[in-house]
Amino acid sequence: NAGVTQTPKFQVLKTGQSMTLQCAQDMNHNSMYWYRQDPGMGLRLIYYSASEGTTDKGEVPNGYNVSRLNKREFSLRLESAAPSQTSVYFCASSEHGGSYSPLHFGNGTRLTVT
Amino acid sequence: GENVEQHPSTLSVQEGDSAVIKCTYSDSASNYFPWYKQELGKRPQLIIDIRSNVGEKKDQRIAVTLNKTAKHFSLHITETQPEDSAVYFCAPEDRNSGYALNFGKGTSLLVTP
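Chains as they are written, first to last, in this note's numbering: chain U, 139 to 252; chain W, 2 to 114.
Each hint should be verified, as a subset may be incorrect.
As the list claims (entries may be wrong) - The calculated label-pair distances, taken between Cβ atoms and stated as ranges, are:
{"hint": "1", "chain 1": "W", "residue 1": "59", "chain 2": "U", "residue 2": "140", "range": "45 to 51 Å"}
{"hint": "2", "chain 1": "W", "residue 1": "68", "chain 2": "U", "residue 2": "218", "range": "44 to 50 Å"}
{"hint": "3", "chain 1": "W", "residue 1": "59", "chain 2": "U", "residue 2": "233", "range": "22 to 28 Å"}
{"hint": "4", "chain 1": "W", "residue 1": "21", "chain 2": "U", "residue 2": "178", "range": "18 to 24 Å"}
{"hint": "5", "chain 1": "U", "residue 1": "140", "chain 2": "W", "residue 2": "82", "range": "28 to 34 Å"}
{"hint": "6", "chain 1": "U", "residue 1": "157", "chain 2": "W", "residue 2": "29", "range": "38 to 44 Å"}
Claimed, not checked - A short, non-exhaustive set of chain W residues, derived as facing chain U with CB atoms under 10 Å:
{"hint": "7", "residue": "5"}
{"hint": "8", "residue": "35"}
{"hint": "9", "residue": "43"}
{"hint": "10", "residue": "92"}
{"hint": "11", "residue": "94"}
{"hint": "12", "residue": "95"}
{"hint": "13", "residue": "100"}
{"hint": "14", "residue": "102"}
Note that these hints are calculated values from the structure, not bench results.
For every residue, glycine included, the Cβ atom is placed at its ideal position computed from N, Cα and C.
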């Protein structure tokens with residue numbers, strides 16, 4: 139099992155460009171999450187999908203959209219990138235999205251917006 | 002994340018010493034309290050977790066203690082080794098966000114030989 143796979147690993151965008159970060163998990167998990175990590179800020183939740191067919195905003199959703207394409211895949215889209223979105227993005231999944239459900243993380247996407 | 006505080010933000014210990022990191026949270030409804038370790042350039046990985054009906058859990062050199070009344074839990078690492086050097090995050094569950102984890106800002110632990 140690959141676990142949680144994110145693509146791309148690195149990306150450089152110019153301000154105003156758009157892109158989609160892809161995430162897939164092969165653990166048959168129900169819930170999926172997108173976090174961003176900035177120096178000294180920990181990980182902050184952007185969007186989550188508690189189950190297939192549902193998506194909800196997290197702590198920092200502005201400037202992002204998500205799609206839960208199917209049970210395996212959860213993508214994050216930046217419609218018009220801004221320098222403030224320079225960050226490391228982590229996708230994660232959990233088995234059932236209820237309590238006592240640890241998160242399994244992908245290896246991250248390092249995004250730079252110039 | 003919001004309303005989760007970790008202390009200290011940096012910690013330097015000598016190899017063989019113990020390290021303790023404390024996490025306070027505000028959501029009294031939280032029932033799940035994990036700790037994650039993140040090495041430089043890597044993804045966060047779960048190292049230990051505890052449920053609210055348990056006061057302490059131990060796994061070899063690592064332990065977590067929970068005081069639900071006071072709303073804090075702590076990570077204890079004994080006999081520290083250089084490979085314990087990393088950033089550690091507490092991440093109590095957030096019942097308002099689909100049980101997503103609400104991460105603290107992290108503690109950078111350095112273990113010197």
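Now for the hints, and whether the structure bears them out:
1. W:59 - U:140: 45 to 51 Å: At roughly 31 Å between Cβ atoms, residue 140 (chain U) and residue 59 (chain W) fall outside 45 to 51 Å, so the hint is violated.
2. W:68 - U:218: 44 to 50 Å: Given about 46 Å between the Cβ atoms, the range holds.
3. W:59 - U:233: 22 to 28 Å: Because 24 Å falls inside the window, the suggested range holds.
4. W:21 - U:178: 18 to 24 Å: holds, 21 Å
5. U:140 - W:82: 28 to 34 Å: holds, 29 Å
6. U:157 - W:29: 38 to 44 Å: holds, 40 Å
7. 5: Check passed: Cβ of residue 5 (chain W) comes within 8 Å of chain U, closer than 10 Å.
8. 35: Where the cut-off is 10 Å and the nearest Cβ of chain U is about 6 Å from residue 35 (chain W), the hint holds.
9. 43: Hint on residue 43 (chain W): holds, closest Cβ of chain U at ~8 Å, below 10 Å.
10. 92: holds, 8 Å
11. 94: With a closest approach of 6 Å, the residue 94 (chain W) hint holds.
12. 95: With a minimum Cβ separation of about 8 Å from chain U (threshold 10 Å), the hint on residue 95 (chain W) holds.
13. 100: Since chain U brings a Cβ to about 6 Å from residue 100 (chain W), closer than 10 Å, the hint holds.
14. 102: Holds, about 6 Å.
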